[in-house]
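Knowing the structure of chain B, use the given hints to seat chain Y on it.
There are 2 protein chains.
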Amino acid sequence: MNTREMIESLKRRVLAARGEIPADIVLKGGDVVNLFSGEAKKGDVALYEGVIVGAGPGYRGKEEVDVAGKWIAPGLIDGHLHIESSMLIPSAIAQVLLLRGTTAIVADPHEIANVMGLSGIRFMLEDSEKIPFDLFFMAPSCVPATHLETNGARLGVKELKELRKEPRILGLAEMMNFPGVLAGDEEVLEKIIAFRDRAVDGHGPSLRGHDLQAYIAAGIRSDHETTELSEAAEKLESGMMIMIREGSSAKNLETLLPLVNDKNAHRFCFVSDDLNAEDIKKRGHLDFMIKRAIEMGMDPIIAIRMCTLNPAEYFGLRGKGAIAPGYDADLVILDDLEDFSVSSVYKGGRKIVEEGALILYPHRGESGFHRKDNLLNIRSITPKNFRIPCSNGKARIIEIVPGEIVTRVRYETPRSRGGFVVSDKESDILKLCVVERHRGSGRIGLGLVKGFGLNQGAMASSIAHDSHNIIAVGVSDEEIFRAVEELRLMGGGLAVICGEETLAKVPLPIGGLMSAEPVDRLLKQLKALNQSAVRLGCHIDNPFMALSFLALPVIPELKLTDRGLVDINRFEIVPLFCNA
Amino acid sequence: MNTREMIESLKRRVLAARGEIPADIVLKGGDVVNLFSGEAKKGDVALYEGVIVGAGPGYRGKEEVDVAGKWIAPGLIDGHLHIESSMLIPSAIAQVLLLRGTTAIVADPHEIANVMGLSGIRFMLEDSEKIPFDLFFMAPSCVPATHLETNGARLGVKELKELRKEPRILGLAEMMNFPGVLAGDEEVLEKIIAFRDRAVDGHGPSLRGHDLQAYIAAGIRSDHETTELSEAAEKLESGMMIMIREGSSAKNLETLLPLVNDKNAHRFCFVSDDLNAEDIKKRGHLDFMIKRAIEMGMDPIIAIRMCTLNPAEYFGLRGKGAIAPGYDADLVILDDLEDFSVSSVYKGGRKIVEEGALILYPHRGESGFHRKDNLLNIRSITPKNFRIPCSNGKARIIEIVPGEIVTRVRYETPRSRGGFVVSDKESDILKLCVVERHRGSGRIGLGLVKGFGLNQGAMASSIAHDSHNIIAVGVSDEEIFRAVEELRLMGGGLAVICGEETLAKVPLPIGGLMSAEPVDRLLKQLKALNQSAVRLGCHIDNPFMALSFLALPVIPELKLTDRGLVDINRFEIVPLFCNA
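Same order as they appear, the protein sequences are chains B and Y.
This note's numbering puts the first sequence at residues 400 to 979.
This note's numbering puts the second sequence at residues 400 to 979.
Just chain B, same shape as in the assembly:
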C-alpha cells in the first residue's frame, strides 16, 4: 500500500471502530481472552479489513457470529521451529497448524539452507507468500554447521545481510556455535553484530556460569535448549527469553513449567523446535502445550500468553499476539478454554477453519520450486564404492542409544570376507555409509553401526543432519547401492530396499528434505515406509529419524559424515580401525 491507500484505509478503520460504518464481522457474546488485563471477559469483537477495530458492546457487522459460550483467543505463535522436520513445505505445514489454532510461526530454515543456501530460503519465503498464515523466518546462523562434513552452501556475513533485507526475516536464528561465541570467533561475532537490533536466538544446552554470561553478553537473547529447572532459572535471571520446548523428540514442558509464575511469565514462550507431521496431526502443536500446562495448574490466560503476546513482543511483531483495536484479526474460537479445543480460526479477518476442517485455503498448484534445483549431485557410483578394506585391530562402531540422538562408541573386530569388512547380522553390526550429495565430490564416509537390527535389505535417507548428505544402512553393498540409487532417482527422499525390490519410498523432492504432497498423503507414505523397515527386522522406534541423526557431528559420541567417522569428544575425523 502506498501512503494514500494507507490513509484511506486508516480513515475507514476509524469509522468502523467508531461504529459509523458496519464492521465486516462481529463475533458476539464470547469470552475474550485479554492478555493485557490478564483476564477473560465477555464482549463483542469487531473485525474490519483484516484488523480488529473494536472490542466491547454496540458493534454492528455485515456478518454477525454468535459465539456465546465460546472463548476468543489470539491466534497462536510458535517462536521457534524447523519446518523441514515435518517434511512438509511451508504452505502445507501451515494447513495442519491452522487446524490447531496456530496462525503464525517463526521458522529457522537451516536444514534447507544447508542444502541449497539462499535459494532454499527464498523457496521457503515464496512458498509461504499469499497464504492465510504468517510465516516469519530467522536467518540461519550456522551454515555449514561444522567443518567435518560437506554441505551444499555457506551462509557468511554477506549472505546474512542479504537475508536481513527480507521483511519476513526477523533476526538471527539459533546460534548453535556457542563454542565459537565463547572463543571470540570473529565471523560468529560479526553475524551477531549484523543483527544487533533484532532478535538473536540462542542454543546453549547446559550452558551455565561465566560461559552463559559471556554467551548472553555477546548479544544472544533467548534459549530453547534448556532441559533442567535450575538451568532455566539461571538463564531466566540472566535475561534470556526462555523458550520452553515440546517437540517430537525433545520434551521439556513438564520439567520447566514449575519455574513460571505471574511475576516472571513475561519471559517465557512455548515452542516446538522439531515436530514431525504425525505428531502435529495427532497430538497437536501449541494447543497441546497450552492444554498440558493448564492440566499442570497454570492459569489459562498465562498459558495462552506464552504463545501469543510473549513471542510477538520478543520478535517485535507489532499488531500480533493480542485482541485489541489495531491488532491483526488472527483469532481462535475455542469450545473450551481449559481443553483449548479449537472450534474455528480466523486469519486476517477471514474464517479459515471451521469444525476441524480448513474451509478457505488457496490451491497452491505447482510449488514455486523448480525441479532442476533439486537433483542430487552424486558422482556415479557402483556397489564397490561401499567396500571397506579390512585392517588389523578393532573397529570403532557407532552404537545407537534407543530413543536418543547421542550414540556410544563400541570397539569390536568386525566380520570380514575376502579382505573387506561386511555386515554381521548375528551381532547386528551393519555397514553405514554417508554419500556426499551436494557437490558431486564422490566422497563417501564408511562405518559400522549397531542397533538397527536389519536381517536383510537397506534403508537410505537424504535427510541427514545437519548437512543432509545421503545416509544409508544395510546388510549388503548391493542393497545399500540400490537404496542410494533409488534416492537419486527420486531427487531425494527415504527408501527401504530388499534385494532387488523397493519395498517403500517417500519422495522428498524439495531439497531432499520436504515432500511435495499434502500431509495426509505424506503420512500414508511414511506409515508404509516404517512398516517396510519392520519387515526388514528393524524394531527401533522411528528408524529413519535415528538414521538421520547418525550424521550429526555435534552430538556425542561417534558419528559418520561424508568425510568419515567423527569422534565428537575430539571433534575430529578418526579412522574406522583403531590402530590404522
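Take these hints with a grain of salt, some might be off.
Any copy will do: because identical chains look the same in the list, a pair fits if it lies in one copy or spans two.
Think about it this way: if two alpha-carbon atoms lie no more than 30 Å apart in a straight line, the pair counts; the simulated DSS-like pairs of lysine-lysine are [as the list claims (entries may be wrong)]: (1) Lys-557 / Lys-410; (2) Lys-469 / Lys-662; (3) Lys-662 / Lys-690; (4) Lys-410 / Lys-923; (5) Lys-662 / Lys-440; (6) Lys-427 / Lys-662.
Treat the hints as calculated values from the structure; they're not laboratory data.
Same frame as chain B, but now just chain Y:
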C-alpha cells in the same frame, strides 16, 4: 564504531564475561533487583566498557566495590515528560534527575518545537549529547496545537519524517489532537502512519467506548492522561500502555495504582509529564513514585519495573531497563529498597552520583544554543497597544479556578475610563494581554481576568501554552507594557514589574522557555519572583504557572490567545463584549 571496532569490543566483552580478563568494576555482595525473575537476589555485578558483562559469583575487577547491605537496581527511565516544564535545559535537568536515580528519559519537546520548530528540537538533541544521561525524544505530533493561536513553527509530515532519521527520536509524541484522529483528519493520520513501526504515544483524557477503540485502532499505543480507575481499566483492556503520571500538577498515582496486579504489571509505566524544578529537587522524580507505590502496598520489584523494563520494552530500548549481561551499565545503588533511597548512580559503567552529589559531569561551557535564535520577534509597541475600547454590554471575563488549569467564564460590565476599559482592583478584574512574539505580526489579544488579586504592577511570561507568546497581566497599560519590554530585553523569561521598577525577573533565553542557569540559581530566581508577585498582592499558588495556562485554547472554558478570546466550547474566537 565501525564493524571492526564492534568485533574487537565484543571480543573483549566476551573475555570479561568469561572472567578471563578483569572487569572494570565489580559491585560485590549487593542484592540485585532482577526484573526477569521478579525477585532480588544476592550477587556480584561485573561492569566492563560501559556494559554489564556478568552477574553472579567469581568476577574480579580492576575496581571492586563492596555494596553488601545495599540494593542494585537498573537506572530509572521516565517514558514521558516535557523538559521545558522544568525551565532547565536538557543537560541541566539531567543533573537533577541523576541524583534521583534516573538515567534515561523520553521527552516530548513540543514546547520548544512550538517556538522554534526543528531547530529547537535540534538544540535539545545537541545539548543532551555527550552527557552521562540518555535523553531520547519523541517527535511532537501537534505543532501548532490549534489554529486559534500563532506559534513559531509548524511540524508537518515532512518535518516529522526528517526527525524520524535521528537515532534518538523514538517515535511520535502524544497525539493530543484526538478529535482529529476521530474525524479522520488526513494530516493527522499521515503522521501516525509515518511512525507506524515505532512507539506512538496517546493523549486521550476521558476517552471511552467506541471513540477510545477508534483512537487505538488508528495506531495509538499509550496514554498518560487517565485520571479515573475505570477509565484506566478500559484503556488497559484495549491494549494501551498505561503511563501512570505524577507530575507537579496532575497527580494520578494514588487513583490508578490499585489497578495494577502481577498479571497486568507489564502494561504500566510511571511517568512525570510535567515537573517543575523545585518538585524534582525537593520531592523527587520516579524515585518518589516508586516509594509511594511501595507505601501503598506494591511489590518493590514490580514498582521498579514500571520505570525500567516496561518503558524500555515499550520504546524498544534494547539493552536498557534491566541488570543482565549485555545491558548498559546504568545502575542505581540503594541504601534501602522500600525507601528507594539512592546511594550512588552508575551511568555507562561510571559512577556519576555518590552520597547525593554529582561527582562526574562534564562542564558544559556555552550551550550549543545561539543567541541570535532566541530574540523575541515582537513588533514595536507602546502602552497604547494595550488599550481596549469600551463597548456596550457585558464583557466575557476569564475567571481563574484556583489550583486548576480550567477557567470559568463570567459576564460583567468592566470599569472604563475615557472610553477605554481599565483594570479594576476592587473587583479584581485585570487586563490580560497576549502579545504575538514569533512572527512580528503585531497581533495582541486583549481580555480581562479575575483571580490574580494584584493591587499594583504587572507580571509577564514568555511561557504561555501551547504557542508561548507573551502573556501579561497588570493593573495599568504602562506596567503591562514595561513587563513585556522587560521580557523582550531578556530574550524571554518571567518578570514582575511595579511602577517603573522591575521587582524580579527570570531570564529564559532559550526559546523564552528555558534558563541557561543550573538548577540552584534558577530556583533562587524563581523564589524571588514569586515573592515579588506576593508583594503585588497576588496570593494564588504558583501565579506564573496559572498565567501560562490562560493562553491554552484546548482547556475549558475561556482563554486568550494572540488572536483574541477563545470560547473553548465553541472552539472559536469570540469578542470581548457579548453584544459586539
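Hints and how they fare:
no.	hint	result
1	Lys-557 / Lys-410	between (41 Å within a copy, 20 Å between copies)
2	Lys-469 / Lys-662	both (28 Å within a copy, 23 Å between copies)
3	Lys-662 / Lys-690	both (21 Å within a copy, 20 Å between copies)
4	Lys-410 / Lys-923	neither (50 Å within a copy, 51 Å between copies)
5	Lys-662 / Lys-440	both (22 Å within a copy, 15 Å between copies)
6	Lys-427 / Lys-662	between (32 Å within a copy, 26 Å between copies)
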